[in-house]
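Student: Here is what each chain is made of, one letter per residue.
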Amino acid sequence: MIPVHLLSGFLGSGKTTLLRRILDVPALGDSAVLVNELGEIGLDHHLLRHIDGETVLLRSGCICCTVRDDLGAVLKDLLTRRARGEIPPFARVVVESTGLADPVPILSTVATDPALRHHFRIGRTVTTVDAVNAELQSRRQPEWGKQVAVADHIVITKTDIASPGSLLPQLRAVNPGAQLHFAMSPDLDVVALLAEPDLRSEALAWATPSPRFTAEAPHEAGVRSFCMVFDRPIDWVTLGIWLSMLLHAHGERVLRVKGLLDVTGAAHPVFINGVQHVMHQPLHLDGWPDRDHRSRLVFIVQDLPRDLIDRSARAFLGLTTFDA
Amino acid sequence: MCGLCGIVGNAPHWTDRPPDPGLAEPDTPTRRRERQGRVRGLSRVLAHFGLTVSDWEAHAFVIATPTGRQEIVDNTAHLWQAAARLRGKPCDPLDPAVIARLEGEARS
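Just so you know, the protein sequences line up as chains A and B, in that order. The first sequence maps to residues 0 to 323 in numbering that gives the first Met the number 0. The second sequence maps to residues 0 to 107 in numbering that gives the first Met the number 0.
No lab work stands behind these hints: they were computed from the structure. Nothing here was measured: the structure is a model prediction, and the numbers come from that model. Misleading hints may appear alongside valid ones.
[As the list claims (entries may be wrong)] Covered stretches of chain B (chain A as the covering partner; in silico rule of three or more C-beta atoms under 8 Å from a C-beta of chain A):
no.: 1; region: 33–46
no.: 2; region: 69–79
[Unchecked claim] On the chain A side, residues computed to face chain B include the following (Cβ under 8 Å):
no.: 3; residue: V236
no.: 4; residue: G239
no.: 5; residue: W287
no.: 6; residue: P288
From the three backbone atoms N, C-alpha and C, an ideal C-beta is built for every residue, glycine too.
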């Protein structure tokens, strides 16, 4: 399965600059990169040849193509051309989303298209956040919250002209589990941004309850994250019924759900991960990442009451505790 | 084949129990018991929305209204769409009345 990584971020947030850095790395030469406009990236010094009007081959072996509107069709076309030997084999796809785009439909295409889901899987989502304009964008553009919420990695840009001071707690309040990076840092490893995650570490980063889950005020657009902790094992069937129903009824407002679960009858913890209606296949970890073996379920929601979600989950799972 | 979309074969759904590397592959009786458990779980929940559910050949679910309108679905993803069509609105797990009834069941 070929991972499809998503590069998201607002216009002017440094997304294209980060994409150029990715294209510069020889270790990522075996990539197919799907962009909005080939001209915007400035590929001239990388260019080996034009394959057609919308596709170029770079010296690194990387293929770059333009996506006009139908991502699914472009991905299928890439597979066909690869099978015919018209383009080199590629080990990953990197999709640059448009600045104002809701990133979720891109993930949904990869996960649910019957022809694509047997060849591609969702990879990492990297979002660039501009330290200068983030506050304004977060207030005016609801997509900003979504782009931050769906990120596995957040790369903070333009810290040479603005301090990220107040931005960091804001990002943490919206997305408590994403790894934060600074574009200006000499330590930024763009290969690591697209690398397979260590699931134990990732689960631990998401599922460690801390004051930040409860103490932070909601983000301007009503985006908030919280963590529910369950002391008793969870029945998998009932959780599936409850969560699938919640995502059907309110999926547009459940931006993210991640969980590390102690499932009744399971030998190992189960890690679940979803973005709006798109749920990844759950995975058993080979062990608990820390000494806390309680089930933990983290939500990032937009304009949904935490109390009601918590009460509903406990009622469905039969885990409601009543005062004596 | 899915009664709704006509796709042949049941694609795995995330609500299926993930394979546990620490346990042996479930045998047929185990899978049957798990399926019966799923039908029981769905029945308990759907009753609060005025719907019933039954197993269809261990392959699909039949959900129905009290007046006999019914749909056949192959997994949980399609189930909620079909339930919404049958009821005329989605089944909402955040409905305070449904939560209160479930809490009432747990108290009794």
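Student: Let's test the interface hint: is any C-beta of chain B closer than 8 Å to that of G239 of chain A?
Tutor: Holds. Min distance 3 Å.
Student: The hint names V236 of chain A as touching chain B; please verify it with the least Cβ-Cβ distance against 8 Å.
Tutor: Check passed: Cβ of V236 of chain A comes within 5 Å of chain B, closer than 8 Å.
Student: For the region 69–79 of chain B, does the count of residues with a C-beta closer than 8 Å to a C-beta of chain A reach 3?
Tutor: Coverage by chain A holds for the region 69–79 of chain B (4 residues, Cβ < 8 Å).
Student: Go through the hint on P288 of chain A and say holds or violated, using the shortest Cβ distance to chain B against 8 Å.
Tutor: 16 Å, violated
Student: Can the region 33–46 of chain B be counted as covered by chain A under the rule of three residues or more with Cβ-Cβ separation shorter than 8 Å?
Tutor: holds (count 6)
Student: May I ask you to test the interface hint for W287 of chain A with respect to chain B, counting a Cβ-Cβ separation under 8 Å as satisfied?
Tutor: 12 Å, violated
Violated hints, in rising order: 5 and 6; the structure is consistent with all others.
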